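There are 2 protein chains.
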Amino acid sequence: MSERLGFIGLGKMGRPMARNLLRAGFALTVHNRSRAPVEALAREGAAPASSSKEVAEKSDVIITMLPDTPDVEAVILGPGGVIEGARPGSVVMDMSTILPSAGRAIAARLGGKRVPMLDAPVSGGPQGAEAATLSIMVGGPRDAFERCLPVLQALGKTITHVGDHGAGHMAKLCNQVACVINLQGVCETLVLAAKAGLDVESVRQAVSAGAGASWMLTVQGEKMIRRDFAPGFFVRLQQKDLRLIMAAADELGLPLPATSLVQQMFKILEADGKSESGTQVLVQAMEKIAGCEIAAPGVERGSA
Amino acid sequence: MSERLGFIGLGKMGRPMARNLLRAGFALTVHNRSRAPVEALAREGAAPASSSKEVAEKSDVIITMLPDTPDVEAVILGPGGVIEGARPGSVVMDMSTILPSAGRAIAARLGGKRVPMLDAPVSGGPQGAEAATLSIMVGGPRDAFERCLPVLQALGKTITHVGDHGAGHMAKLCNQVACVINLQGVCETLVLAAKAGLDVESVRQAVSAGAGASWMLTVQGEKMIRRDFAPGFFVRLQQKDLRLIMAAADELGLPLPATSLVQQMFKILEADGKSESGTQVLVQAMEKIAGCEIAAPGVERGSA
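Here the protein sequences line up with chains A and B, keeping their order.
Heads up, the first sequence stops at 309 in my numbering, and the numbers go up one at a time, no gaps.
Heads up, the second sequence stops at 309 in my numbering, and the numbers go up one at a time, no gaps.
Keep in mind that the hints were calculated from the coordinates and are not lab data.
Because the structure is a prediction, the values reported are computed rather than measured.
Please note: incorrect hints may appear among the correct ones.
Which copy is meant is left open, because identical chains are indistinguishable; a pair holds if it fits in one copy or across any two.
[Claimed, not checked] List of simulated lysine to any residue pairs, SDA-like, C-alpha gap at most 25 Å: (1) Lys17 x Ala29; (2) Lys162 x Asp204; (3) Lys272 x Gly258; (4) Lys245 x Lys293; (5) Lys17 x Gly258; (6) Lys162 x Glu227; (7) Lys272 x Ala300.
Just chain A, same shape as in the assembly:
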């Protein structure tokens, strides 16, 4: 018998993910703080719920996809939360990016009610969510992982069990380290090219074909040149992730010099009121420092 699924948090990532679960044939109960996405998914066949507790009561696997650590704590452990409705043997799967130590604490609380937990954050952005090509990093007990594998396979392409509770959240923070440093690399590469008077798009393509290639150069570099700064992934949430990374690294006593540098670069953008832009707007911090803009005149403009 197929698992009944619950999904809490229908934002830029959660909405397309929930839709993919419906398309894969799962019975799905959904909840979200604002009602519009609940109603939209109800029209596509999901059952709307009015609380996280209600979602948990009606589901065998309860998925949370929320912005930050306090949101996940409130939705799972707070009044009217998942913990009040979940039955022993249900699985809670948090796909948000939160502090690993907080994820472990939530898992311990759920474990006290015989509700196993997985942490299963994702990488690949809204486009990966829509295409169900996400990379999903999973922490928690292996039997719960194996039970949830068909659910994960409806959401992503690369599914990796990386360890016990919190290991998925931590792997996601590792992923974000690679992301932000690569993004800074794209910015310095393209600004050097522009400042030297080169054709920036030609350089982007040439570098993409060699040892400097990255997902960020392919996807975000192209948007930078087109001046398309629409999110994607908000600067605000990227800074939240960077705070989590630095907090987790502090707990471990680990300096991360380049990660820290990129965190400072993003602060230039926050000070300029760009928290709601996509992270590719990082190029504007480098442009501000450099006193030049990377896009050649006549380049077609995207949304700002």
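With chain A's structure known, arrange chain B on it following the hints.
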């Protein structure tokens, strides 16, 4: 009629590139400071020459692939150099990574003898050179570029004409910016994973499948975990490139904060006597800072 080619500089990159030109059917005259690689290529069908001047006399297209700016200046402009043997209408193509302003100065000197010059540095490492899959960034006059295209196509897969004299050298420096920052990203990613007790190879694979993917994570990250620090690309030459980048950025009045940070990280390795290791040894600088090693016990070891 096919061009007669000359090749000067048969190192880690030059040797497999020259071999690919022979395989493509070009007549090839070769020269190198040490004789062993000349003799090896002579056994495969190349004509050995005893000076750069002699190579130039016998060739329509003269390729240089040398470690640094002074080497290229000496080989092309010095006594017994290319400029003494090149005939009007021959093309000099420098595939080394050197300071763009120096490349432009050499082009001007050759131009005075009606010898057009291309700067055509490459990315992709010895494995790209061997497989003829290099990304080649070309600066210089378009007619010389088009004339040399069949030669370039025997050496690489992605061939991009990025602008006039020096533009290829500059694009290569842009490429190196992307490379070194991505490499630092790999190091911080893997050290965070190790310090948190995760399975580092699992994390590497999960990150490689998402928005944190890069050539460096795929190729160099894998070597770091195997403790294979054989070059590839020497720390010594990477630092040479970083000096060129910072010099070129200085000429442009451009700060490159993350590039500069990685330059400092490599200095940790130089101080530790690791100039002749491959650049993936950068992980050891992070490990030194972190007080841990990324490889799990029992991991199979490569050469050190």
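I'd like to know which numbered hints this structure contradicts. Please list them from smallest to largest.
Violated hint: only 5; rest satisfied.
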